[in-house]
Amino acid sequence: MKKISLLCFVLLCLPLGAQQNIISPSQSIRNSFAIFVDQATYDACKEEIHAYRDVIEKDGLATYILYADWESPEHVRFFLKKYYDEQGLEGAVFVGNIPVPMIRGAQHFTSAFKMDQDVCDYYDSSVPSDRFYDDFDLKFRFLHQDSTHHQLYYYWLAGDSPQRISCDIYTGRIRSTAKGEAGFAQIRNYLRKVVKERSVENPLDVVVQYTGDGSFSNSLIAWKDQSYVMGEQVPAALQGHADNAKFYLFAMYPYMKEILIEEMKRDDVDLMLFHEHGVTERQYLTGAIPNEYEEDYYKSGKRLLRRQLRNIEKRGNSVQDAMERYIKEHGIDSTWFEGWNDPAVIAEDSIEYAKTGFELEDIRAIGPNPRVVILDACYNGDFRNGDFIAGEYIFGEGKTIACFGNSVNVLQDKSSTDLMGMLAYGMRIGEWTKNINILESHIIGDPTFRFARPKGMPRIKTHSKDPDYWLAVMEHNLPVDIQGLALYKLFELKYEKMSDLLLETYKSSPYYMLRLQCLHLLAHYNDDNYIELLKLASDDPYEFIRRKAMYYMGRVGRNDLAPYMVNAYLEDYLAKRIAFNMSFSAHHLNVELLKHFFKDAVMNDNEFIFDKEEFWENVENTINSDERTLTECWRCVIDTSQKPSTRDFYLVVLRNNPFPHMAYDILNVIGNPEDDLEIRIALAEALGWFVRAYNRVEIINGCQAILDNQKDLDPRLSDELMKTINRLKEYTR
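In terms of the working numbering, the sequence shown opens at residue 582 and continues consecutively.
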């Protein structure tokens, strides 16, 4: 009765226009799903929405339909939480015009997004994110509704909120890219397509993967492992015919676009993965084209400069100033710019540029068929307003049902396929993404879509909260990502021997992807197991693990890791991402000690380097290249005579460069009431990025001491200190 009374109270408090209609499931099933629709879309697509509901229920989920003129994200979130608590809700889909939460103060939940929230426009510097809806523990403070784009609502992540994403349910978006009746037609046609495709039992056994120009620093060493990983995650694709698994690289052909179009038109492709750069309206496939003749390189370079000048003009900046700068910087003459504003040359250049990527109209014309598309790229999943790449995939005339993409920019140096093998074993796409979501990642399309379960594969009890069940899953010879899922479940359940289990699993597992999950999860434990794993990981056969081990060893900042960083680099110095991470991480520990180990290893222990003096000089220059970053950051922390704007610029750099040995000076500045308040707030936020630092417990204690001893702290500083404490505590289990 109390729950019913609370519901009535909340509904009475909502504006009259926010009244909703609820259609209950047609079947009584233990687990449920919800379709949220705006009133206009429901009226225009009622038949298709109900047919979609029937398909979901046939697959074992009692499905609610809720339609209204939704007044706010809180209105939607209330019903999600209610059905989660009372009806075993496992997921939801937002059809049509459902309010979009725009999240601020949570950039640590993203993989890369760090736009200045104080300087940049709210629209650009906020993250469209449905984590507001699918992680009920997160706490937000409402800021305001967008005055132009009324479907956007801005929120600030509270300091006393949990500081790690842990989704309770999964969600998806089906938002039309057209307006009015054309948009309703898109949704009707899409839902009909879903109903048709889901009537077929289709196993996941055909995969196409593409790596675009600029991904992984164009490293072939990084690229070569993709087929091995796919063999672990989708073994049926590697055990079938020659066409069942294809791995393309941008450099295989001058223009890869036509080749990829043919792959996208294939009727049998189940999964297509793009590792590429992107924006809301474009997928970047290839860059400057490799040419056979010298003259062709000149043409390519001139074409690039002409395009840059046109972009400069569009931004309202001086083209003449840019020309003079290019002439001075590159030693060229004015002939390189000829034709930059000539309509005929512009048309010719645009044709060449069109060959290097997919635009929105390309996707519409292709009508892609891969049932699931993963867009490991920036902004391709930006659903906040207007057309976007992922939307065109699902609304095309082909068979694509769902995309997994990002609403803002995304880190290229991350694993985008963690636990993806769950799809190969008949689990819903939402069940997969629920475990790996970051703030910007979203399913565009039906989140309940799944491929056929392989014969003989046991049904996994994904809702189980019994550690013994998941330990049993680990002990049986189940597919690699099912074991990975078990590790995630045990982590969420706070299994008391988790740290030891992760280290032992890393040592004993032959699987790349299972060892990678151990690397991810063990970072949250404040013991020496993580350090031991990092040392082992520095020599792992999987390049991505070696690469991230180099990066994380720097973030930890312990000097006893220096010899392992040296060895990892010398064993694989041609691996571009490993070399980059070494130079990027060097100054996070005692750099002179690191140089000592390097020089000793190069000059005395290495028999494979011909010119040791030259090699050591190159290594030393690489290490020294980031020395200015450390020096300037440190100076701006402690030198109060610097202009606040100068200090603030370098303090922001600390987000990407959380030097552990600077923590004590940072705490002193934060605790100094005489210092500039904005600088203190910026530094409190910066300390939140020290999650792997060897001294993170001391940082927590220092932040807490400031909160305890200074009772008149500005509320913004208090909030940021509390947020940093909670962020770091996530890594001190």
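The set of hints was computed from the structure by calculation and includes no laboratory data. Some clues are possibly wrong.
What the hints assert, rightly or not - Straight-line Cα separation of at most 20 Å, EDC-like style, residue types lysine to aspartate or glutamate; simulated pairs:
| # | residue 1 | residue 2 |
| --- | --- | --- |
| 1 | K1224 | D1257 |
| 2 | K1078 | E1056 |
| 3 | K838 | D999 |
| 4 | K883 | E862 |
| 5 | K662 | D650 |
Said to hold, decoys possible - Computed Cβ-Cβ distance ranges for the label pairs, DEER-style:
| # | residue 1 | residue 2 | range |
| --- | --- | --- | --- |
| 6 | S653 | G761 | 18 to 26 Å |
| 7 | S1222 | A869 | 51 to 59 Å |
| 8 | Y836 | K777 | 51 to 59 Å |
| 9 | K777 | D902 | 55 to 63 Å |
Heads up, the beta-carbon is just placed ideally off N, CA and C, and yes, glycines get one too.
To see whether the hints hold, each was checked on the structure:
no. : hint                     : result
1   : K1224 / D1257            : holds (10 Å)
2   : K1078 / E1056            : holds (15 Å)
3   : K838 / D999              : violated (27 Å)
4   : K883 / E862              : violated (25 Å)
5   : K662 / D650              : holds (19 Å)
6   : S653 / G761: 18 to 26 Å  : holds (24 Å)
7   : S1222 / A869: 51 to 59 Å : violated (45 Å)
8   : Y836 / K777: 51 to 59 Å  : violated (34 Å)
9   : K777 / D902: 55 to 63 Å  : holds (57 Å)
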